[in-house]
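Position chain L against the provided structure of chain R, taking the given hints into account.
This is what each chain is made of:
Protein chains: 2
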Amino acid sequence: MRRRRFLTGALTAGAAGAGAAAIAGSYPRPALAQSRIEWRMVTAWPKGLPGLGSSAERLAERIGQLSAGRLTVKVFAGGELVSPLQGLAAVSQGMAEMAHDFALYHIGQLPAAGFFSAVPFGLTPAEFNGWINFGGGQELWDELYDSVGAKPFLAGNTGVQMGGWFLDEVNDVADLKGRRFSIPGYGGDALKKLGVETVTLSSGELFGRLQDRSIDGAEWIGPYNDLSLGLYKITKLYYWPGFQEPGTGLECVVDKAKFAALPDDLRQIVAAACQAENDLTSAEYSGRSPGALATLVNEHGVKLKKFSRDLLMAFGSAASDVVGEVLEGGDDITRRIVTSYLRHRKSALVWSRITDGGYLAARDLGFRFPDGSTS
Amino acid sequence: MRRRRFLTGALTAGAAGAGAAAIAGSYPRPALAQSRIEWRMVTAWPKGLPGLGSSAERLAERIGQLSAGRLTVKVFAGGELVSPLQGLAAVSQGMAEMAHDFALYHIGQLPAAGFFSAVPFGLTPAEFNGWINFGGGQELWDELYDSVGAKPFLAGNTGVQMGGWFLDEVNDVADLKGRRFSIPGYGGDALKKLGVETVTLSSGELFGRLQDRSIDGAEWIGPYNDLSLGLYKITKLYYWPGFQEPGTGLECVVDKAKFAALPDDLRQIVAAACQAENDLTSAEYSGRSPGALATLVNEHGVKLKKFSRDLLMAFGSAASDVVGEVLEGGDDITRRIVTSYLRHRKSALVWSRITDGGYLAARDLGFRFPDGSTS
Numbered sequence: 001m002r003r004r005r006f007l008t009g010a011l012t013a014g015a016a017g018a019g020a021a022a023i024a025g026s027y028p029r030p031a032l033a034q035s036r037i038e039w040r041m042v043t044a045w046p047k048g049l050p051g052l053g054s055s056a057e058r059l060a061e062r063i064g065q066l067s068a069g070r071l072t073v074k075v076f077a078g079g080e081l082v083s084p085l086q087g088l089a090a091v092s093q094g095m096a097e098m099a100h101d102f103a104l105y106h107i108g109q110l111p112a113a114g115f116f117s118a119v120p121f122g123l124t125p126a127e128f129n130g131w132i133n134f135g136g137g138q139e140l141w142d143e144l145y146d147s148v149g150a151k152p153f154l155a156g157n158t159g160v161q162m163g164g165w166f167l168d169e170v171n172d173v174a175d176l177k178g179r180r181f182s183i184p185g186y187g188g189d190a191l192k193k194l195g196v197e198t199v200t201l202s203s204g205e206l207f208g209r210l211q212d213r214s215i216d217g218a219e220w221i222g223p224y225n226d227l228s229l230g231l232y233k234i235t236k237l238y239y240w241p242g243f244q245e246p247g248t249g250l251e252c253v254v255d256k257a258k259f260a261a262l263p264d265d266l267r268q269i270v271a272a273a274c275q276a277e278n279d280l281t282s283a284e285y286s287g288r289s290p291g292a293l294a295t296l297v298n299e300h301g302v303k304l305k306k307f308s309r310d311l312l313m314a315f316g317s318a319a320s321d322v323v324g325e326v327l328e329g330g331d332d333i334t335r336r337i338v339t340s341y342l343r344h345r346k347s348a349l350v351w352s353r354i355t356d357g358g359y360l361a362a363r364d365l366g367f368r369f370p371d372g373s374t375s
Numbered sequence: 001m002r003r004r005r006f007l008t009g010a011l012t013a014g015a016a017g018a019g020a021a022a023i024a025g026s027y028p029r030p031a032l033a034q035s036r037i038e039w040r041m042v043t044a045w046p047k048g049l050p051g052l053g054s055s056a057e058r059l060a061e062r063i064g065q066l067s068a069g070r071l072t073v074k075v076f077a078g079g080e081l082v083s084p085l086q087g088l089a090a091v092s093q094g095m096a097e098m099a100h101d102f103a104l105y106h107i108g109q110l111p112a113a114g115f116f117s118a119v120p121f122g123l124t125p126a127e128f129n130g131w132i133n134f135g136g137g138q139e140l141w142d143e144l145y146d147s148v149g150a151k152p153f154l155a156g157n158t159g160v161q162m163g164g165w166f167l168d169e170v171n172d173v174a175d176l177k178g179r180r181f182s183i184p185g186y187g188g189d190a191l192k193k194l195g196v197e198t199v200t201l202s203s204g205e206l207f208g209r210l211q212d213r214s215i216d217g218a219e220w221i222g223p224y225n226d227l228s229l230g231l232y233k234i235t236k237l238y239y240w241p242g243f244q245e246p247g248t249g250l251e252c253v254v255d256k257a258k259f260a261a262l263p264d265d266l267r268q269i270v271a272a273a274c275q276a277e278n279d280l281t282s283a284e285y286s287g288r289s290p291g292a293l294a295t296l297v298n299e300h301g302v303k304l305k306k307f308s309r310d311l312l313m314a315f316g317s318a319a320s321d322v323v324g325e326v327l328e329g330g331d332d333i334t335r336r337i338v339t340s341y342l343r344h345r346k347s348a349l350v351w352s353r354i355t356d357g358g359y360l361a362a363r364d365l366g367f368r369f370p371d372g373s374t375s
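Quick mapping for you: the protein sequence lines, in order, are chains R and L.
Numbering-wise, the first sequence is residues 1 to 375 according to UniProt numbering.
Numbering-wise, the second sequence is residues 1 to 375 according to UniProt numbering.
Treat the hints as calculated values from the structure; they're not laboratory data.
The list treats identical chains as one, so a pair stands whether inside a single copy or across any two.
No more than 25 Å apart at the CA atoms, straight line, and that leaves these computed lysine-lysine pairs for BS3-like:
(1) 346 - 236
(2) 233 - 303
(3) 236 - 177
(4) 305 - 346
(5) 346 - 303
(6) 233 - 47
The following block holds chain R by itself, in its conformation from the complex:
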């Protein structure tokens, strides 16, 4: 089964420039010396990217710490060994032992892969963690990636994202027709149904493409990352809510055979480090986004714009159509993944409505609180 889906040709670094393929070929194989194991982790992120990039670095470092150096992980930025969106392929082909990216980057090869990162109008981060760990999600994810020789772990979550940046206002569906927008995954497929021309750009390309107006807008993540990319310098129109990615899971993919060959405690260490990082990265986005948003609004004059009800209804119907098509057009594993996800969603909707939703609405009723808010 292994390697049946990926072509070696697709693995060479694209935007990252020349030499990456040669580097990949000459990089030494992991060596066993004094029971020390060295692994390579390829990532989809530019060097030093806050949140996503620092999460990958922290995860690698933690594995080394927990194992007292018996298993060390060297991290490569997107493009250093392979192109940013090809992490799973690299693991599948033995060019790296680990990859750190979004599962939605693999929809082209594995159509249901995106259900393990984000689905428009799908599960919230808490609901998603519930499905993965206690709703059958992990077992289905394992089965899906088993076909390419990989073992996946959840390793972070961005939280509910922002709807994105637009060069010009969008008030209704007619305003979307013919616009060019950078958005990956099923969310991009949904916008296509509403007449948007979509592309999937890496974070490093967004600023330039917005600046020269070769795209009309882009969604990336949220204030913490978008601030560092400087997108506010080009447009002030920042839309919410981010229906297209309501809490996007990060994955750490591991070479399945090499993972199975580890001693038991090192397998547990890899799993625990990913689970700890899932918690910590989510906390980082939750902890740092409010301050970054305040900086965007108060220092850079960014305007928060809420998508209109008509637009949200249209997004909802388009997302529904996309999910339905993945379900109906898919093979057996795809259908089982989508069915399990939808079953969890339907049940979780009621619970989240009276807890998370009910609580947030109550907190906003308008009484004064000692933080000075009229919350």
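Frame of chain R, contents of chain L only:
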């Protein structure tokens, strides 16, 4: 500083019955044999309690696995070594190396301790994780518990809780006067301001006290736990939202000196195991609550009742008063904790409103989805 706050007399098991003090006295001290360390973890939970109890067991087991048995942890149910609510005191006095409970149980000794579990109308679980990890919360928590010789870790979250069970309907503030309700922490202090007589009962006492009507109602956690306690057999009135505990953190408290004496990798293992468990326990409550709620409603005829707007406004004002009093009446560390928490809350309010709140409202607009919901 150590031991200055706790009296030995308070540590003997209360409701758990006779013999616990004697057991505590005769239990062998941790032994070092072949570099193996054995620690004791006291908990606030009855043996086998789903969610909270199984989380403590899982955490202890994970520490053993990650360390390949170099550090093993033996778990004691509430009352086996010390009474359920005295975990921090037990660690402070060297009777156990770890305790697993809610920080709000320690408000009597450390008035700001509850800010490290739940504050009525306070932070959501995601906001709370953000404050602890990236908003200065952990450093303040470390400082607070340093005064009793302990090091705290976040080790789980129940998610937004339910408002609780009432024997008779409550529609406005007048209905609350003279009612007896089991509720701990600042939430209990808030209800007192509205004329409620409050008590803090352990989970094992709730059924009997509701059954003989010596209390008129109780909040515990949510469907997953409340189902196992069988509270639906006594009353069908189940209120939401749970303003009193909008996502309650579980803590794992460790003897600070013994933690500092561990080798570096074992310290990292304890910390990572707690962080992984913080993620997994939250996922367990998120994953299992929807099904438990459906069982309560569909099989046991439980009625979901929303607190009226008037009640929620009254709860909000009372909670505000309680938080203000803790802030103004507290010593230096109390004031710094409450101030930091409130600063984070004010900033996070805006972010959660447009992401979590905005997304949940959009998902509920009424379009059809392939899961059959008109979401």
